[in-house]
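*Asks:* Chain by chain, the residues run as shown.
Protein chains: 2
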Amino acid sequence: MPASWAMGRPTALLLLLAFLTPGAAIRVPPAMKALSSLRWSTSFTSRGTVAKKYSIHYIQQKVNHFGFDADKTFKQRYLIADEHWKKNGGSILFYTGNEGDITWFCNNTGFMWDVAAQLKAMLVFAEHRYYGESLPFGNKSFTDSRHLDFLTSEQALADFAVLIKHLKKTIPGAKNQPVIAIGGSYGGMLAAWFRMKYSHIVVGALAASAPIWHFGNLVPCGVFMEIVTKDFKRSGPNCSETIRSSWDAINRFARTGAGLRWLSENLDLCTALTNTQDVQNLKAWISETWINLAMVDYPYESDFLQPLPAWPIKVVCQYLKNPSVSDAQLLQNIFQALNVYYNYSGQASCLNISETTTSSLGTQGWSYQACTEMVMPFCTNGIDDMFEPHSWNLREFSEDCFKQWGVRPRPAWIITMYGGKNISSHTNIIFSNGELDPWSGGGVTKDITDTLVAITIPEGAHHLDLRARNAFDPTTVLLARSLEVRHMKQWIRDFYANQRKKH
Amino acid sequence: MPASWAMGRPTALLLLLAFLTPGAAIRVPPAMKALSSLRWSTSFTSRGTVAKKYSIHYIQQKVNHFGFDADKTFKQRYLIADEHWKKNGGSILFYTGNEGDITWFCNNTGFMWDVAAQLKAMLVFAEHRYYGESLPFGNKSFTDSRHLDFLTSEQALADFAVLIKHLKKTIPGAKNQPVIAIGGSYGGMLAAWFRMKYSHIVVGALAASAPIWHFGNLVPCGVFMEIVTKDFKRSGPNCSETIRSSWDAINRFARTGAGLRWLSENLDLCTALTNTQDVQNLKAWISETWINLAMVDYPYESDFLQPLPAWPIKVVCQYLKNPSVSDAQLLQNIFQALNVYYNYSGQASCLNISETTTSSLGTQGWSYQACTEMVMPFCTNGIDDMFEPHSWNLREFSEDCFKQWGVRPRPAWIITMYGGKNISSHTNIIFSNGELDPWSGGGVTKDITDTLVAITIPEGAHHLDLRARNAFDPTTVLLARSLEVRHMKQWIRDFYANQRKKH
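One line per chain: the protein sequences are A and B, in this order. In my numbering, each residue's number is its place in the first sequence (first place is 1) plus 40. In my numbering, each residue's number is its place in the second sequence (first place is 1) plus 40.
Bear in mind the hints are in silico, worked out from the structure with no lab data behind them. Remember, it's a predicted structure, so these values are computed and weren't measured experimentally. It cannot be assumed that every hint is accurate.
Claimed, not checked - In silico contact screen, one side only, chain A against chain B (beta carbon under 7 angstroms); selected entries:
no., residue
1, F106
2, D109
3, K112
4, S185
5, R186
6, D189
7, T192
8, L203
9, H206
10, T210
11, N257
12, V447
13, T456
As the list claims (entries may be wrong) - Computed list of chain B residues with no C-beta within reach of chain A, every gap over 12 angstroms:
no., residue
14, D424
15, V447
16, V493
What the hints assert, rightly or not - Result set (EDC-like, lysine to aspartate or glutamate): computed pairs, CA atoms no more than 16 angstroms apart in a straight line:
no., chain 1, residue 1, chain 2, residue 2
17, B, K92, B, E123
18, B, K542, A, D487
19, B, K209, A, D111
20, A, K542, B, D487
21, B, K270, B, D308
22, B, K443, B, E123
23, B, K443, A, D487
Beta carbons: idealized from backbone N, C-alpha and C, even for Gly.
All chains should be built: construct the whole structure from the sequences, respecting the hints.
*Replies:* Structural data, given as structure tokens:
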């Protein structure tokens, strides 16, 4: 999900941080396939890429599940792929859609497609209200806080519950099958919360890269940017130090009109910098780029917003080896590094500092959610991280939210609603986290009980495990997926065993 | 709670059925006390009556926990009694207030007062929004569906969660103590649901006489009235048959103006009957009287709306021994029987058929709740029960609701939200039911798991176990309370054991 990197930024740019989901499947060379299928026979099939064939459906949902005054409904979109589904002994894998177009998540969650056959699973991808086509008030959905009033995680979970009851009622053979919730990032939080709040509807949840503790004081606000920094530190000598030096270099250039012109030209910006606010935006945009790179630091080439090489931070760090050169040289190196992210294909004619992420993500919707329920504190100190120091300022954040959306955040609410760290009474949730992923700082990375388990992937970035299998997958992610499948199979077995007991 | 006895009734009278909570403590004669303390040493103290000393507090709650557009708050009332509370090793018993003035529930839930000392417990009684003084929009709260839009069980549970977090934060010593939810009837459903949805906030729940399955098709719609009938059948020869015969007798009288006058005079009605609708109302009012009697068929004198004798149905049935007398004689006998309920004290000058229950209950609020979330199907067939046949007609019910409140019921919602019969993944809930209580038909009366347990009380009416101890308590209710305390002590021990493990 996008980090609410609001600290000292104009409200229009509140939420440009990218949240990047699993990328398209990469063709697996035959030799690697053989190796893989040898070692991971249960999770690999012989196909290198997975065809994404699904049907598109809509369900009428109440706009407000928690009130009866307005009895309006809207059309929620969902996708079904049942090629491998078996009515006898099968299962339903239910993707708890997050902040974006559901077809994008569907096409980018290769893991579900990869395991469908062995779990005899129907795949369902449910779009989150206020994203993609699932707009409660059509193109008026974002006009004001009145129309946005039904954009909450609770309403989204209720949509999912109603949808599953509907599927079980209308699809012959689905009624007596176990449903497993799967999601990544915010969708991972939803998957975990769905199991917590609707344990009668899903038998378990795989919550990948779900920072359910990135709220209140549950984790230090600096943890996210410290992990970003660590990723750069480990990817090349002096890399994080060079980035740390760059901020002052920019500040020094920004003191004069000539300096601003130099920056605009040498960074190839589409729009020239003219004032202090522009410089703030530039630094925020560069920060977000480093953050995005940390999230998508995958071990193989991938293609999101724009194509990226394997281990992109290593590539970036090749340009950032020396923090002690002149300001001009240092910033020209930074520009080379930025180009790895923004212009790997070599086709960008200039860089646009108002964009960092794919248009498939609903940045408006997430901005509102971050301003209401999803209040995630972020901070930097410039010592444990490579960024300019910014403290977390809730009051300022609240003012920005009020200006932008006419609402105030309720930072304690999510913890009251979903339990914070006190969740041990729940069962059957897998929390998976990549150690390279900055979001892992707010995630569950240690087992809580036998059935609330943590899986960590040392070489993993943002929910690498949910991506399609790839020849360059590190062993640790193969292990993680294998464990995840083992748990899911156990939940399915338990479900059928209980069902037999009843009859 | 009031049963939504809507079948064929005018909407104004939708919900007059009484829901009666535990009555005031009765003085225990010394001899009985000795006997009791011998056999139930853990649950009895030497005091005969319990003084209800509490302090009154208010907390600002969000009117809408699930939306951010309107950021309005209201004052929720709650009561605290901490005479027996120990900061060291103590506990918090939290009464999940239901549809009425919280002071009434506080004064009528003697069980909590009786066990406070042995559990070293602070007692908290939280008023349900839209009842008592806890009105989100003051005296405008019931003006229309817009103002009523925040009257739901989900909002009420959220109030409870926020309140407990507030108490733990503000009362020194409360932070690291286990909280147990306790409630009866609708409050019992709330207690159970509270544990299901907020298991991080309460370690367990005692749900007394909570008909959590009286929704959809989970139980037959006739079960409630069958139990009412059984109560009359067992309380005297020909008693239920006599009542069954009375409806036709009334119908025959109602055919003529003279008959209507005869009925009005002989039944001592405050307002004379003039038309068919009045006669419908009369029969509904009589039915509700029998229902109320079934709920409060306690083994000792009690004083609710009006004073009642011990085993009131037995007293009533003394007048209803012969179904084969003339219509006039039969109805005069019915009148004698009604007087047991309405005029035990002998002070009523006439009977008012628009009232059956205490004014401490918020009938308006419950009527709205029954028309939205709390859709409980009731029906009779005149064969398995002693009433005129009425089928459950959702469409008609929905029309009535729309006319009265401008809202439509969503009969499937509660099951989607709270799981219906599929609740085995939860833990630490006691479902207690009296077998005389018509609500037990929609309750959990068999163990679901080791920690989702059912306690049945053969001689118990509506949550007898929550009432103050009484010398005439049947052994089965003493046993029930003793078991309840044993479970609660176990939850408290588990909580402290877990806490020690963590530190």
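*Asks:* All the hints need checking, so say for each whether the structure fits it.
*Replies:* Hint check results:
{"no.": "1", "hint": "F106", "result": "holds (5 angstroms)"}
{"no.": "2", "hint": "D109", "result": "holds (4 angstroms)"}
{"no.": "3", "hint": "K112", "result": "violated (12 angstroms)"}
{"no.": "4", "hint": "S185", "result": "holds (4 angstroms)"}
{"no.": "5", "hint": "R186", "result": "holds (5 angstroms)"}
{"no.": "6", "hint": "D189", "result": "holds (4 angstroms)"}
{"no.": "7", "hint": "T192", "result": "holds (6 angstroms)"}
{"no.": "8", "hint": "L203", "result": "violated (10 angstroms)"}
{"no.": "9", "hint": "H206", "result": "violated (10 angstroms)"}
{"no.": "10", "hint": "T210", "result": "violated (14 angstroms)"}
{"no.": "11", "hint": "N257", "result": "violated (13 angstroms)"}
{"no.": "12", "hint": "V447", "result": "holds (4 angstroms)"}
{"no.": "13", "hint": "T456", "result": "holds (5 angstroms)"}
{"no.": "14", "hint": "D424", "result": "holds (27 angstroms)"}
{"no.": "15", "hint": "V447", "result": "violated (4 angstroms)"}
{"no.": "16", "hint": "V493", "result": "holds (17 angstroms)"}
{"no.": "17", "hint": "B:K92 <-> B:E123", "result": "holds (10 angstroms)"}
{"no.": "18", "hint": "B:K542 <-> A:D487", "result": "holds (14 angstroms)"}
{"no.": "19", "hint": "B:K209 <-> A:D111", "result": "violated (38 angstroms)"}
{"no.": "20", "hint": "A:K542 <-> B:D487", "result": "holds (14 angstroms)"}
{"no.": "21", "hint": "B:K270 <-> B:D308", "result": "violated (28 angstroms)"}
{"no.": "22", "hint": "B:K443 <-> B:E123", "result": "violated (48 angstroms)"}
{"no.": "23", "hint": "B:K443 <-> A:D487", "result": "violated (54 angstroms)"}
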